[in-house]
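Working from the sequences, and respecting the hints, build out all of it.
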Amino acid sequence: MPGYPHEILIKVRKPSRYLGKEPFFPIKEWEKAKLRVCLCYPDLYEVGRSHLGINILCRIINSKKEYLSDLAFAVSQDLEAYLKATSKPLLSINYQKPLHEFDVIGITYAYELLVTGILQILDLSNIPFKSEDRDENYPLILGGGPSAGNPEPIAEVFDAWVIGEAEEAILEILDVVKDWKQNHKDKHELLKELAKIPGVYVPHFKNSVKRRIFLGFSEASIPITLSIPTIELAHDRLQVEISRGCTRGCRFCSAGFYYRPVREKPLELILEEILDGLKITGFREASLMSLSTGDYTMLDSLVHLLDKTFYQRETREFAFSLPSLRVGSLNKKLLSFLRKGRTTTLTFAVEAGSSRLRAVINKDINLEDLFHDLALAKQFGFRRIKIYFIIGLPTEELSDLEEMIKLYRDIKKVFPSIDLTFSASIFIPKPHTPFQWTNQLDIDTASERLAFLKRFLKGGFKHHDPKQSFLEGVIARGGRELFPLIELSYKRGARLDPWKEFFDFEIWIKSAEDLGIDLTYYLKEKDPSISLPWDHIDVGVKKDFLLQEYESAIEGKITKDCRFSRCSKCSVCGNAIKNILAKDAQKENLEGTLRVYCEDKREDKRNDEEYWYTLAYSKLNSAKYLSQLEVVRLFELCLRRLGIPLSYTQGFNPRPKTISSPALPVGIESEEEYIAFAIKGKDYANILAGLELYEGLKIYEVRDISKAKPKISSHPQIFKLIPIKKVEIPELETEEIALQMDSIGYKLFLKKDGLSLSKVLKEIFKVDNPLETFSILKLKTCFF
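Under the working numbering, think of the first position of the sequence shown as 1, with each following residue one higher.
Keep in mind the hints are simulated off the structure, nothing from the lab. Where a beta carbon is used, it is the ideal one built from N, C-alpha and C, also for glycine. There could be a bad hint or two in this list.
[What the hints assert, rightly or not] Listed below are the simulated DSSO-like cross-link pairs for lysine-lysine, each with C-alpha atoms no more than 27 Å apart in a straight line: (1) Lys32 x Lys97; (2) Lys210 x Lys65; (3) Lys725 x Lys84; (4) Lys84 x Lys11; (5) Lys32 x Lys11; (6) Lys65 x Lys32.
[Said to hold, decoys possible] Each pair of labels, with its calculated beta carbon distance range: (7) Ile705 x Glu101: 44 to 50 Å; (8) Thr734 x Pro710: 29 to 35 Å; (9) Leu779 x Gln650: 22 to 28 Å; (10) Gly574 x Gln650: 22 to 28 Å; (11) Glu136 x Ile558: 32 to 38 Å; (12) Glu692 x His188: 46 to 52 Å; (13) Ile558 x Leu171: 49 to 55 Å.
What follows is the structure in structure tokens.
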């Protein structure tokens, strides 16, 4: 399975993000699969690989014997330039196949600013952008994700969309595609069959479609076939979804309306996913995922069971994190649990500075509860607090911003030792919310309000870029007339727009001017009587309810959460669709049974003696592009997955006890490197010897097992240099270095410890990048 060639990888920043071939990824026989599916996230690997949705779908597809699935991601501009210059295609991560060789490509539309990433994936795969320009010889392009509530600005790119949740729909779609492929019909016939599947929207027909709701969420166990990500991710931890949907009814929140009703997983299913997931991935941290984790009705019981399972024996080896907390949801048990797991920062979503404006957005919280939570947090040693706000909410006035400043000062006065940060985003009216008709602040007004806050909050204030928020708002409420803008901006260089370092607003402005598109139109207030581009997408929440909620917002009325109060009549529920709460399904005396279950699932190695294993390993082939930190991380995760009981340091943030050879420059191979781990027990040599953790990263010998911590030295160092282009080779012999010719190349001796190989090569050969001139291999020279 060849990947990107060496001459490309040595020229790009962080080549390890493109290596793929993840340890333990389930590889099937390519030719025997009846359908091959590539699931894509249109951002860089370290961001997209963290996305829960594509990981769930990949595991579901791979659980079916006749189908195979892989992943792919957008790439940085340096790799894109080299791929285009050399006519190389974008490759999938694990099979290392060009995307046009797959039968189906699924792309997640998670965020409006990812639109150019979608085009880049298709462009680098030599696939036409528009569905109408692709016949049956091209892969079927599927879309879905949180922003699919309005797919129209990018709708024509896709052959079909899954509106809503895809756990069941994806296999129904693949079965239809499989039958169509076997019957050799034309693409139009396939699109007609796909449009019959509940929840599937086909832009060619612009059919009305009702959002798909996964009714089995609370009882389904997703197949556990997790691989280990090659490099550290943006969210480098196990993600466990403890509930889906939210009925708090925050009037600005698209996810809260898109994913209704609430469905909570039972305790035993969550615990099973955590225990199996931590074991299979090697991660030591799990995030308890939900739109409102503090509202999980069995959270206290879950925390108690996790505490008994993980913190009675190996305190702080494992950690658990929660997304932003709802004000008023904290208690001593939860804070004690989080503190044991290395959490240092608590995040609260207050959203608005005044009680008046919080009523407008249906944020039913009070500041007395916030100060109570902060006092508890201080009591348990939490010193870093982040509080989220939204600027530009409907009816916002200067007094609301002043209340926000007052709140900051009041908190600092009562809790002067807290490291306090207020973080603000710009309000963006999103489809299928009560505020979908309201206006959005223009860039100048948003900038003025942010500057006002920054003047008083100073270093304690962070905020989103108003220009990025402006563009997000344009795309969020646009229709198909925006696709020419997206396409032209992409062709002019717009890439990775969610990243501040890559975002170029001027490209979008110039493209809009050239196309005669008034971008400010999309930020203006809309007439509720006029149809909107997404009206044919039925998410279950009726328009009358949204209008009623908008009126309640203007009047400052609170709509109670239907989980804990009467039905709000949003129209989502009916027949089998309803809120499903863990507390209602809880079995009698389950806590004792589950505690035993958890304890039985974890082996107790605390009394085993600690031994240092010194491992000799090679760093060849793809592994040469891994940095030293990435190598150590892979060792840790893979050894943990294999059940090797690593020993950890003491203190607040325990780390594996390990030492290793000095770091090699990225791109250089080595016949022999050393790494030592402290392990509880001395019977693991047979497991470790011969183990290949990654392509080219192979333990070929357990050199020593000792109770004493070993010492690893690194000189002299000898490197084999094989020229890959013509170069003048000077005669060289000094006290520090020597260069000798041999049969197929040269040997470079670094006699003095601490010399920089890259610096030496640049000085000797007068080249900027030695890896463009030589293939370099470090020979066996390490000594204890």
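Structure versus earlier hints - violations, ascending order: 2, 5, 9, 10, 11, 13
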